[in-house]
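Engineer: The residues making up each chain are set out below.
Number of protein chains: 2
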Amino acid sequence: MASIKDVAILAGVAVGTVSRVINNTGAVKPDTRKKVKEAIEQLNYIPNEVARNFKMQKSKMVSLLLPSIWHPFFSELAYYIEDELDREGYKLMLCNSGGRPEKELYYLDMLQQNKVAGIVGITYNDIEKNVNTNIPIVSIDRHFTKKITCVTSDNFEGGRLGLRELVKAGARKPAFIGTVPKVFSETINRRDGFVHEANELGIEHVVFVKPDPLEDEEEFFSEFLRAHNDIDGVFAMTDMFAAKYIERSSKLGIRVPENVKVIGYDGIQNHGLFHPVLSTIRQPVEEMARTTVRLLIKKINGEALDRETYRIPVVFRKGETT
Amino acid sequence: MASIKDVAILAGVAVGTVSRVINNTGAVKPDTRKKVKEAIEQLNYIPNEVARNFKMQKSKMVSLLLPSIWHPFFSELAYYIEDELDREGYKLMLCNSGGRPEKELYYLDMLQQNKVAGIVGITYNDIEKNVNTNIPIVSIDRHFTKKITCVTSDNFEGGRLGLRELVKAGARKPAFIGTVPKVFSETINRRDGFVHEANELGIEHVVFVKPDPLEDEEEFFSEFLRAHNDIDGVFAMTDMFAAKYIERSSKLGIRVPENVKVIGYDGIQNHGLFHPVLSTIRQPVEEMARTTVRLLIKKINGEALDRETYRIPVVFRKGETT
Numbered sequence: 001m002a003s004i005k006d007v008a009i010l011a012g013v014a015v016g017t018v019s020r021v022i023n024n025t026g027a028v029k030p031d032t033r034k035k036v037k038e039a040i041e042q043l044n045y046i047p048n049e050v051a052r053n054f055k056m057q058k059s060k061m062v063s064l065l066l067p068s069i070w071h072p073f074f075s076e077l078a079y080y081i082e083d084e085l086d087r088e089g090y091k092l093m094l095c096n097s098g099g100r101p102e103k104e105l106y107y108l109d110m111l112q113q114n115k116v117a118g119i120v121g122i123t124y125n126d127i128e129k130n131v132n133t134n135i136p137i138v139s140i141d142r143h144f145t146k147k148i149t150c151v152t153s154d155n156f157e158g159g160r161l162g163l164r165e166l167v168k169a170g171a172r173k174p175a176f177i178g179t180v181p182k183v184f185s186e187t188i189n190r191r192d193g194f195v196h197e198a199n200e201l202g203i204e205h206v207v208f209v210k211p212d213p214l215e216d217e218e219e220f221f222s223e224f225l226r227a228h229n230d231i232d233g234v235f236a237m238t239d240m241f242a243a244k245y246i247e248r249s250s251k252l253g254i255r256v257p258e259n260v261k262v263i264g265y266d267g268i269q270n271h272g273l274f275h276p277v278l279s280t281i282r283q284p285v286e287e288m289a290r291t292t293v294r295l296l297i298k299k300i301n302g303e304a305l306d307r308e309t310y311r312i313p314v315v316f317r318k319g320e321t322t
Numbered sequence: 001m002a003s004i005k006d007v008a009i010l011a012g013v014a015v016g017t018v019s020r021v022i023n024n025t026g027a028v029k030p031d032t033r034k035k036v037k038e039a040i041e042q043l044n045y046i047p048n049e050v051a052r053n054f055k056m057q058k059s060k061m062v063s064l065l066l067p068s069i070w071h072p073f074f075s076e077l078a079y080y081i082e083d084e085l086d087r088e089g090y091k092l093m094l095c096n097s098g099g100r101p102e103k104e105l106y107y108l109d110m111l112q113q114n115k116v117a118g119i120v121g122i123t124y125n126d127i128e129k130n131v132n133t134n135i136p137i138v139s140i141d142r143h144f145t146k147k148i149t150c151v152t153s154d155n156f157e158g159g160r161l162g163l164r165e166l167v168k169a170g171a172r173k174p175a176f177i178g179t180v181p182k183v184f185s186e187t188i189n190r191r192d193g194f195v196h197e198a199n200e201l202g203i204e205h206v207v208f209v210k211p212d213p214l215e216d217e218e219e220f221f222s223e224f225l226r227a228h229n230d231i232d233g234v235f236a237m238t239d240m241f242a243a244k245y246i247e248r249s250s251k252l253g254i255r256v257p258e259n260v261k262v263i264g265y266d267g268i269q270n271h272g273l274f275h276p277v278l279s280t281i282r283q284p285v286e287e288m289a290r291t292t293v294r295l296l297i298k299k300i301n302g303e304a305l306d307r308e309t310y311r312i313p314v315v316f317r318k319g320e321t322t
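Each protein sequence line maps, in turn, to chains A and B.
Here the first sequence stands for residues 1 to 322, where the numbers follow the UniProt record's numbering.
Here the second sequence stands for residues 1 to 322, where the numbers follow the UniProt record's numbering.
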């Protein structure tokens, strides 16, 4: 049977090039690629990798579950996850779960049937009971209590940082606004970090939260604006939340940052073209994505991980709202 | 051998429910789903669909090729494409080609090896020579001359509409600004429609374009602003382009819309939270996405299509820049 070396010789390229073509890792010029593939056909060469996958039915596909790809944070995340998977020779299957349990469970089935090698992403349903500890799943933000590896930005530190930056910008009575998901989510730590730091520094503060999903957004903001018209700082759970506060408060003549300093969380604005450019706690999206993939591939290969939760440091990015 | 009816009876549900579970179409309560799957296992029932796929090695996977999912227009497109594919029982494989030919060609190989049932998306490389007419590929925006079915917004009408709206808003000397891709792209029609309508109406106008990709964005805009300081309207090839023009012109004291009316193309702002809210030619993204999938599935099923290019009507969405 022909070897990879025979293919390289016939194609007139290095063995490494043949391997790159077979595994689709790294750049290969189209015409070089063509030559290699012709040599493979001519020699009827079966790459070990392919042969092994065929024998073991090993999938080179990873599913990404997201509430919706149509969101700047999730699409940036998906971009880097696909890029990192591609480097490892894996393909990405995208699923907008829309928070629908049956759709998320379907992908769990595919995993159990080895149709996909692993799952990464964000799920908002408590599908924990359907999974076991060693299954190759890496969760982003969401904690499956103690069972599933989780990669997240350091939300608690982000909350502390948000409070400190508001105070530094001159706020004397800052408020945290956001929602509380049904199942435990890392995002709660943004609030807890904010409260912890306020107490540490002895800063008077307000926490205004409602259950997620919000039934009436209008009501949320008008109630907040009515009940807490003396606050001079807002730390919003997300950038979108911050932008919505600014939009509504401006209708009441509240000026940002003159009257109220505002800080969001995520860093969805990757250019300064639309205003206000939010001051925000920037999620390390690229590092979260690549870390998630690297951990997943370790799990796929049966390697043990040293932790359950991997927290990636966040940074404050000053915009026009503080 | 057990039938789907046996499964339904044992699970105590309707046959339709069993079918929905098998094909993952429509919503099924998790516990109902569980019951059905247990019945399937207990009876060792093999769904025809599964059996058929197994026999024919028919893939239920479709690849989506995009330059980058990390772009608001592409992520909205991907959202609706995944949703429509899901309704048809297909899974979506996402590829950020980044315009890399070897990556796009790899997915063509998968298609030829029946690892994927079809390909949809936007490619910027001339991979036409590698495909034949009947291959299940549907292109968005990009034309593979005469070979591949293409779904696009009506860019020519969009260009005409843009010119008319600028004139209606008071512009006497509007300009088109944009880039010209190496391979033919539907986006060219935005310029051509703009010029056509300007000539029709006898409107003095400017066309300022450079080859894509832009080598020096700064230079592009400063040259345009220097050479054409008498224009009072701008129709930009994309929203991002429009926003960049506004950002740079404002530094020269040019006020939008007072001095210059600006219209973009795409409609990437799906909320009014960040400003300026661009006046724009809104792409019918959802309809483009669902049409693309419906046409692809017809091709997968070997049905003949009545056209090569499907143009979806666009609308003008007034913002704060006209």
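Bear in mind the hints are in silico, worked out from the structure with no lab data behind them.
It is possible that some hints are incorrect.
Identical copies carry no separate label here, and so any pair may be met within one copy or between two of them.
Below, a list of computed lysine-lysine pairs in the DSBU-like style, where the Cα atoms sit at most 30 Å apart [what the hints assert, rightly or not]:
| id | residue 1 | residue 2 |
| --- | --- | --- |
| 1 | 34 | 5 |
| 2 | 35 | 318 |
| 3 | 182 | 29 |
| 4 | 147 | 29 |
| 5 | 60 | 210 |
Engineer: So, for every hint listed, does it hold in this structure?
Structural biologist: Hints versus structure:
Within a single copy, residue 34 and residue 5 get their C-alpha atoms as close as 17 Å, which meets the 30 Å cut-off; across copies the closest is 50 Å, which misses it. Neither within a single protomer nor between protomers do residue 35 and residue 318 lie at most 30 Å apart by alpha-carbon distance, with minima of 52 Å and 53 Å respectively. For the homomeric pair residue 182 and residue 29, the shortest alpha-carbon distance between copies (18 Å) is at most 30 Å, but the shortest distance inside one copy (50 Å) is not. For a Cα distance limit of 30 Å, the shortest separation of residue 147 from residue 29 across copies, 24 Å, qualifies, whereas the shortest one inside one copy, 44 Å, does not.
Taking the shortest alpha-carbon separations for residue 60 and residue 210, neither the intra-copy value of 42 Å nor the inter-copy value of 41 Å comes in at or below 30 Å.
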